[in-house]
Amino acid sequence: MNDETIVFELPDGSVRYCTCPLKRKKPGELKAAWLNRIFLKTIRDHPELTGAQRINNPVLPDGTPFRPGAPKKFYGAWRHAGAGRIEIAMPEARKIRMRQLRAERNERLRAADGPTTREVEQGSLDRQAWIDYKQALRDLPQNFDLSTIATPEALEGFEPVWPTAPGG
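The numbering used here numbers the first residue of the sequence shown as 197 and each following residue consecutively.
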């Protein structure tokens, strides 16, 4: 027997999970009793989980059974659809994807801070081109609309056309 995972639904319909380390199983304790004990302790230790209900035999949006180590695509957007089925709520998934894109944009902006004043003064760098590039990065999230993307797979695969850095 290995570590197990408990999947549960919160009162708002969102889905969360917790891992049950095998080392916490008491000698002779049945698997069902162990998992229930861990679930109740988790609820007791986290008041924000009050009212949570276990989901038996949970199935991920791609149809595979939930298991430790399974890919958790758009985890914060999971909703319980009944009978153990987990679905992805697209409005929440879009927010998650937008946060991911903004994070990547912010990394690109930080990297764009690399050109030095000396390079600009020496003429080896076009200052205005860098200013324009950084502004294009800042404007990028307003230039696309994720609301038209209908499936989690398409949303995950969405990649904006990133502006090209000067000289790149």
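If you are wondering where the hints come from, they were derived from the structure by calculation, not from laboratory data. Hints are supplied without guarantee of correctness; some may be wrong.
[As the list claims (entries may be wrong)] DSS-like mimics (lysine-lysine), calculated; alpha carbons at most 25 Å apart, straight line:
(1) K291 x K268
(2) K222 x K269
(3) K237 x K227
(4) K237 x K221
(5) K219 x K237
(6) K222 x K237
Status of the hints after comparison with the structure:
Under the criterion of a C-alpha separation no larger than 25 Å, the hint pairing K291 with K268 is consistent with the structure, at around 16 Å. In summary, the hint linking K222 to K269 is not supported, as the alpha carbons are separated by about 33 Å, beyond the 25 Å threshold. Distance check on the hinted pair: K237 and K227 sit about 15 Å apart at the alpha-carbon level, within 25 Å; holds. The hinted pair formed by K237 and K221 meets the criterion: a straight-line CA distance of about 13 Å does not exceed 25 Å.
With a C-alpha separation of about 15 Å, the suggested pairing of K219 with K237 holds against the 25 Å cut-off. Distance hint between K222 and K237 is fulfilled; the C-alpha atoms sit about 14 Å from each other, no more than 25 Å.
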